[in-house]
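Dock chain B against chain Y, hints included.
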Amino acid sequence: MRRERIHPRADWRERVEELGFDFHTIDGEAYWCEDACYRFSSDEVDTLEDATAELHSLCLEAVDRIVRESRYADLGLDDTAAHLVERSWHAHEPALYGRMDLAWDGNGAPKLLEYNADTPTALFEASVVQWYWLKDAYPAADQFNSIHERLIERWKQVSTTEKVHFTASYEQAEDRATCEYLRDTATQAGLDTVALDIGDVGWSGADFIDLDDQVIATLFKLYPWEWLLSEPFAANIPKVGLRWIEPPWKMLLSNKSILPLLWEFFPDHPNLLPASHRRADMAGAYVRKPRFGREGEGVYVLGPGICEPPANEPQVYQQFHELPCFDGRYALIGSWVIGHEPAGIGLREDGDRVTRNTSCFVPHYFEG
Amino acid sequence: MRMAFMGAAAASVLVTPGCGEDVQRNRYGALAECVADYSDAQCRPDYPVGGGYRPGMSTGYYGPWYRSNAAARDAADPGPGRYFRGGGMGFSSGSTTSRAPSVETGTRGGFGGHGVSARG
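Heads up: the protein sequence lines correspond to chains Y and B, in order. Its first residue numbered 1, the first sequence is counted upward by one per residue in the working numbering. Its first residue numbered 1001, the second sequence is counted upward by one per residue in the working numbering.
None of these hints come from the bench; they were simulated from the model. Among the hints, erroneous ones may be present.
[As the list claims (entries may be wrong)] Derived coverage of chain Y by chain B (criterion: at least 3 residues anywhere in the stretch with Cβ under 8 Å from a Cβ of chain B; other residues may be distant): (1) 117-124; (2) 136-150; (3) 224-237; (4) 264-272.
Only a predicted model underlies this, so the values are computations on that prediction, with no experimental measurement involved. Yeah, the Cβ is synthetic: ideal placement off N, Cα and C, and Gly gets one too.
Looking at chain Y on its own, in the form it has when it is part of the complex:
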């Protein structure tokens, strides 16, 4: 694994915008960065693929154990959430996708930092934008990326209805792009799709309904479960047989409190880092994350002698594992799972040790 400084395509802006990628620059700062790329060997790609498969397998085992042992309090979930989780898990409701954030420098075992299992984003850039970059910049090389093809195949398995509704906060550019991209893959899978702003989801008294009064039977929501369950329509969720994508059981994995449970269930696993709900369990440097934090928000690197900032929500402590630093840039690997299979990676980098929503997306390639 190495970082290479390269010349961006002269017309990169036009090239990515042709694909519909309209948030390549966020608040005046470049988000899509192709003045560098990451190069992997095929063996390194195999290592990432194996680690992702292994970690996803551990996660499924953890979900099953949490349900069997009713460990919902460890995740801060109430009875309503627990009921939804159990109902969806016992019904084997299928998952569509997820993204694991891994720390790895090409040596040793990749370490799981967290699993964005409910509303992962940075999908379109990983699946489509970097693929077209590869075709322009390194046409003879390969890329760990079968995300698009796997999504289309997965849609054929996850939807039990011909029509699937898609909802997100459509005024948010990244959310809109992610949701519309996924809708496109569903359309390519032969499904009839309807887009709907999350605020336009209606309640008829018996069903969730769309703007045309149609009952929503299958709903892809780019809207976190913890938000859905804290909003006025939450009381209606258990009343309907609606098929949710992602299913409710995914809220166990997107919750940062899964990290201490994974460490408890699989202690010393080479792909896991020690994690706990108690700071006292941490030795040396550690990272503190809020249970429902998003994109680095509220994440602190702490250690002995460093004063811990106050927090008003439950926190998770995880042993600090330095991200690899190349040319002063810390790199994080986002490893995609489509269905239950590893499907590709996307890299984010930042001058800071914590990856945030503004951290650059940098493309990659590999040669056999």
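This is chain B only, laid out in the frame that chain Y set:
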């Protein structure tokens, strides 16, 4: 914020306090009654939720949704229609009947309150 249209065939739609913004719409026995209150484009037949509409299938017509709270209505809100605006004294144009429309209520906006990106 866009106006949501909900529950075409929900004969008895209940409003749960606190579950989004309360809205309501008028139900008419005939298209002419609805058109007398609104415009043709704002009236739609009552057809079964989840099924397609076939001519002659309708058992009534709905006007558009409008906010229950009159003070909250903006320019985009279609309002309660001419019948109720006239104090329930009959249609102001077109129709030969003055039968009062029934009113059904629903909710919208029960999700989406966080208003920030779900990026994760």
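Hints, one by one, checked against the model:
no.	hint	verdict
1	117-124	holds (count 5)
2	136-150	violated (count 0)
3	224-237	holds (count 8)
4	264-272	violated (count 0)
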